[in-house]
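Asks: Based on these hints, arrange chains G, P and U on the given structure of chain X.
Read top to bottom, the protein sequences are chains X, G, P and U. 342 is the number of the first residue of the first sequence in the working numbering; add one for each residue after it. 342 is the number of the first residue of the second sequence in the working numbering; add one for each residue after it. 342 is the number of the first residue of the third sequence in the working numbering; add one for each residue after it. 342 is the number of the first residue of the fourth sequence in the working numbering; add one for each residue after it.
No wet-lab data here; the hints were simulated from the structure. The reader is advised that the hints may include incorrect statements.
Identical copies go unnamed one by one, so any copy, or any two together, can satisfy a pair.
Claimed, not checked - Mimicking EDC-like on lysine to aspartate or glutamate, the simulated pairs with C-alpha atoms at most 20 angstroms apart in a straight line are:
(1) K347 with E450
(2) K383 with E401
(3) K436 with E346
(4) K402 with D420
(5) K402 with E450
Listed below are the residues making up each chain.
There are 4 protein chains.
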Amino acid sequence: MDVNEKYFSNITTRERAIFEGAISMGALFHQFVGTPINKNTKEGLERAMEESLSLQPAIEKVEVNIRFDKLAESMTEFDYTSLTGDMLDVRIHTKVEDISAIIRIEFIEELNYPLMYVEDIKD
Amino acid sequence: MDVNEKYFSNITTRERAIFEGAISMGALFHQFVGTPINKNTKEGLERAMEESLSLQPAIEKVEVNIRFDKLAESMTEFDYTSLTGDMLDVRIHTKVEDISAIIRIEFIEELNYPLMYVEDIKD
Amino acid sequence: MDVNEKYFSNITTRERAIFEGAISMGALFHQFVGTPINKNTKEGLERAMEESLSLQPAIEKVEVNIRFDKLAESMTEFDYTSLTGDMLDVRIHTKVEDISAIIRIEFIEELNYPLMYVEDIKD
Amino acid sequence: MDVNEKYFSNITTRERAIFEGAISMGALFHQFVGTPINKNTKEGLERAMEESLSLQPAIEKVEVNIRFDKLAESMTEFDYTSLTGDMLDVRIHTKVEDISAIIRIEFIEELNYPLMYVEDIKD
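Next up, chain X with everything else stripped away, as it sits in the complex (with noise of 0.2 angstroms):
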C-alpha cells in the first residue's frame, strides 16, 4: 500500500508538513505534562521528548526548552515538581519533500496559554 497516495493525496505538501509537526506537538504536551522534574533531570528529560518525538513522520528534528524560570516558580518542598505546558519552549522542525516548517509552543503570558502556531514554513 502507497500511504501517501491512499491517504494524503487530499492535501498539499505544505498542509501535510503542517499537519505532521501539529501531531507530534500536540502529543509531546499531553505525553509529556505531569513528568517529575528538577533542575537536575532537566536536560535528561529534554533530550527523551526530543528523540521521542523524533520518531514520528516527517519530523526532521525537536528542540525541546523547559523554561528554568517557570521549573523555579512552580518549586515544592519535595525539591521537584511537574512539568507544566507553560514551562515548554519547543520547536518541532518538519519536512515533507520540498516543504519545511516550524512548529512552536511557547507560554504567552498575555493570554496565560501555552500556544501553539506555526512559526516558519518555506520552501
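Replies: Just chains G, P and U now, kept in the frame of chain X:
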C-alpha cells in the same frame, strides 16, 4: 492582542483548520492512552474524551469510538485493560471561518499502526 | 495460579490495602494531569476518572473533586485550561479482606505540593 | 510543619516504604505509556524514566528495562511504536528509616497483565 493576526497570518484558513485538528488528535491519543477501561466504562470514557478535546481552539465536535473488538482482545484476568492506540476510532471536526475539516484516526491492520489523516476538508 | 498466594503472601492485609490504593492514586494523577478542562466539563471528567480507577484491583470506590477555585485561577484566554495536580482532591477507598483504607490526595499550600497520604485505615 | 508527624504517623515504617513505592510505580506506568519508542531511543527513555521517578519521596533507585521482545512484537510500518505496559520490567527501590522495599512490575503471560507487587522488603 489579535492572536489570529499575530500568530496565524502566515497560514491559510485551510491550513489552520488542519493544524488545530491535528494538535487535538495528537493530544487525545497521548492524554488518554493507558487509561484503565472495560466494557462498562467505555461509554463514559468516550464522552469525557469528546468533551475535553472539544474545548480546544477551532474544534466543533469530537466523535470517539473505542473499538470493542480490540478492547476484548487485550482483556486481562482482572477484567479491565489499558486503552491503546489500536482501539481508537476518532473523528475530530474543525471549523475555521468557512472551512470545515475532519481529522481521523483509525487502526490500519496492514501498517499495524493507528494512522492519523485528513478524512475530509471542504468549504 | 493463585495470584495472592504467589505474589502477595509476603505482605499483610493492611499493607496490601495501602499498596493497591497508592498505585491507583499515582495512576490517577499521571494519567489525567494535562487533560483540557473547564467548568462545563469538570463533572464529566470527574466521573470518568472515578470509573476508570475503580477498575483496578481492590478499589471499592473513588471520589474525585476537581477544585473549582484552582481551576478558575489558571483559566486562559481560550476558556479552558489543563488539569494540574493542585486541582485534585481525591479519595480512593480500598478493601482487602477485612481491612478498609482511604488514600487521599490534596494540595497543601504550605508545601506547595499535592500530598498523597493514608487518610484512614481500619478493620 | 512536620509532614511525617502530621500525615504519616498512622502507618508503620514498613507501610510507608510500600506506600511511596506503589505511588511511584502507578505514576511511572501512567506517565510514560504511549510514548513513541524504538530500539534507538529505548535507552534514553529508560534513563529519563528512572531519573524522573527517583525524584519522588523515599525513592532510592529506579531500574527500568523496556523489554526488547515486546517492543519488537508491536513494531509498525513506521519503525517505531508506542510504549505499552507489557514492555515494562521495572524495580523501584524505596527506603524509609531502616526499611528497604522493592516494588516490581512485570508482565505475567498467564494473567495477560503487567502485575505490580512487592518483590522484597526487609530491615
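Asks: Flag every earlier hint the structure violates by its number, smallest first.
Replies: 5
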